[in-house]
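Chemist: Each chain, letter by letter, is given below.
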Amino acid sequence: MLEFRNVSKVFRQGWLKKAEIVAVKDISLLIKPKEIFGLMGESGSGKSTLGKLALGLLTPSAGEVLWEGKSRADLKSLPQEARLAIQGITQNPYGVFNPRYRIGYALAEPLIYHGLLQNKQERLFRIRETLKLINMEEDCLDKYPGQLSGGQVQRLALARVLLMDPRLIVADEPTTMLDLSIQAQILHLLKRIHEQTGAGILLISHDLPVVTALARRIGMMYGGRLVEVGTVQDILNNALHPYTQLFLAAAREEAFPELQNSSNNPTGCVYRGNCYRVQELCAAKSPELIPVGREHFVACHFANEVKNG
Amino acid sequence: MTSFIMKRTSFILAMVLLSFLAAVALLAPWLTLHDPYAQNLDNRFAGPSGTYWFGTDDLGRCVYSRLIMGTRVSLFTGIIVVSLNALIGSLVGLISGFGPKVFDSIVMGLLDILLAFPGTILTLAVAGILGPGFLNMIIALTLLGWVGYARFVRGMVLSLKEREFIETARSLGFGSFHILFKHLLPNCLGPIIVLSSMEMAGVILMAAGLNFLGLGVQDSYPEWGAMLDRGKNYLRTAPHIATFPGLAIMVTVLAFNLLGDGLRDLLQGGEVTRSV
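Which chain is which? The protein sequence lines are Z and F, in order. Numbering-wise (our numbering), the first sequence opens with residue 1 and increments by one. Numbering-wise (our numbering), the second sequence opens with residue 1 and increments by one.
Hints are computed from structural coordinates only; laboratory data are not their basis. Backbone N, C-alpha and C define an ideal beta-carbon position, used for all residues, glycine too. Heads up, a few of these hints could be off.
What the hints assert, rightly or not - With a straight-line Cα cutoff of 30 Å, these simulated DSBU-like cross-link-like pairs (lysine-lysine) come out:
| no. | chain 1 | residue 1 | chain 2 | residue 2 |
| --- | --- | --- | --- | --- |
| 1 | Z | K70 | Z | K132 |
| 2 | Z | K32 | Z | K132 |
| 3 | F | K101 | Z | K143 |
| 4 | Z | K32 | Z | K18 |
| 5 | Z | K143 | Z | K34 |
| 6 | Z | K18 | F | K232 |
| 7 | F | K182 | Z | K25 |
| 8 | F | K101 | Z | K76 |
| 9 | Z | K132 | F | K182 |
| 10 | F | K161 | Z | K76 |
| 11 | Z | K143 | F | K161 |
| 12 | Z | K18 | F | K161 |
| 13 | F | K182 | Z | K120 |
Unchecked claim - Partial chain Z-side listing against chain F, Cβ under 7 Å, derived:
| no. | residue |
| --- | --- |
| 14 | L55 |
| 15 | T59 |
| 16 | S61 |
| 17 | G63 |
| 18 | G88 |
| 19 | R102 |
| 20 | Y113 |
Said to hold, decoys possible - Between beta-carbon pairs, the in silico distance windows are:
| no. | chain 1 | residue 1 | chain 2 | residue 2 | range |
| --- | --- | --- | --- | --- | --- |
| 21 | Z | R294 | F | H178 | 45 to 51 Å |
| 22 | F | M250 | Z | E138 | 25 to 31 Å |
| 23 | Z | A184 | F | V102 | 46 to 52 Å |
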């Protein structure tokens, strides 16, 4: 179980670090064990930052990231099992392998480093087993990452992560750089892994079909905030946040939105510059996620009004 | 196509010359015609002949035999100094580029101060203060030599650090030490080797220069720079004494320069330029 508790991440830049970029703002979210949660939003909405916060690659500027109830602020103090419980794969599969090493070493390296499987035979056995799971031939072990195709490298990246027995896999745009048939392959693989190992998946993507094919719940992000959370059905059939509605319309090619105003409003609702529902309250107060259904939450002051017609 | 052949030729030529030099250095005791230290005062300033191929010097010693033995000193000095420079410089560069920003700024500031000194003059001054001797010469040549490597490696680390596989290494739970030496260093190694082969020529030339000025190894020891120094006094009467060591230095420097250029072109790096 992964919990974000009022997590914010601010990047400071420029002279004397005066320029602030708020990537993620006050996000609270619970990802249940063995759940596939889809995180959606446009580029720059903070979804990748949230993924990196989950992986521990970034530390939150405020708030806490908790795994099984324990804070991940000081990773080193956690027992190894908890430390390695969350693993990730990324958009560019070629990038994640050191070009200097053969795949065989790259797969074995974490196992050796963490002392997970010291026995060489056992290690090789596990690696072979995992290769079977991802449908790869053993001869890839002697190859360098540059000698393999994008889909193959992405599957191997997944294999390396699987060897560490993660409880949650953060998949940040795992299919964006692959062509359609390979995308389907990776998605099926993720699904199978989820079913066989029971690992949860935090699937970060801007691609609606990818997320709806896999996820049970979806979180919609805009301007560093979580604007709507719900099951796939809630979001697809009953989206209540104006941004989610716009996003879905765009994904279904019903509308081609052109957002005029930046999402960088320091106070009030992040979306108010583009919202058709905007009223005075929106500038004054930032909306909290309010429940509108059993698992359905919307960060809009007027969500209930809209819902009730 | 022409450039392709050009690339290979400089590399091949370098390898031929260097293999020859290495063979001479290794087999030196068997290649000499006479004892390189043996003086023959009856036969001073003799020109090249069948017995003394490159003639004899002002003390009647065989120039050819001394030149052969001198190959060892020059190559040995070059290899030791360049290895030390590369080792120290790479370590400082790795740590500076990978460590905390404050530490990096401090180290880079110090390096800038060091680089502000005119290198040759400082080397000469240090060699002069320490006095002659092989070890002192090495110290003088290493004192500033590593700075270039440090800056270079730091730059590489800064750009490698942003690559995805380093971030992935972090999320796989690897420690900084492991990332530094197992992931960053191997990716810097190629350019470091290219830089080293280019530096080699400069170091050998500088070492010969120090010896020429009497700041190197012991005077009686066959060293090319020192031989050149002795020969310069008799340039009009017995030019062969200075000419042959000079040629030897030239060929060696040329070989390492060609190697550096060839390696750079072969590795298609492009990022390595002659520095310092």
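Chemist: Okay, which hints does this one fail, numbers in order?
Modeler: Result: hints 1, 3, 4, 5, 6, 7, 15, 16, 17, 19, 22 break, sorted rising.
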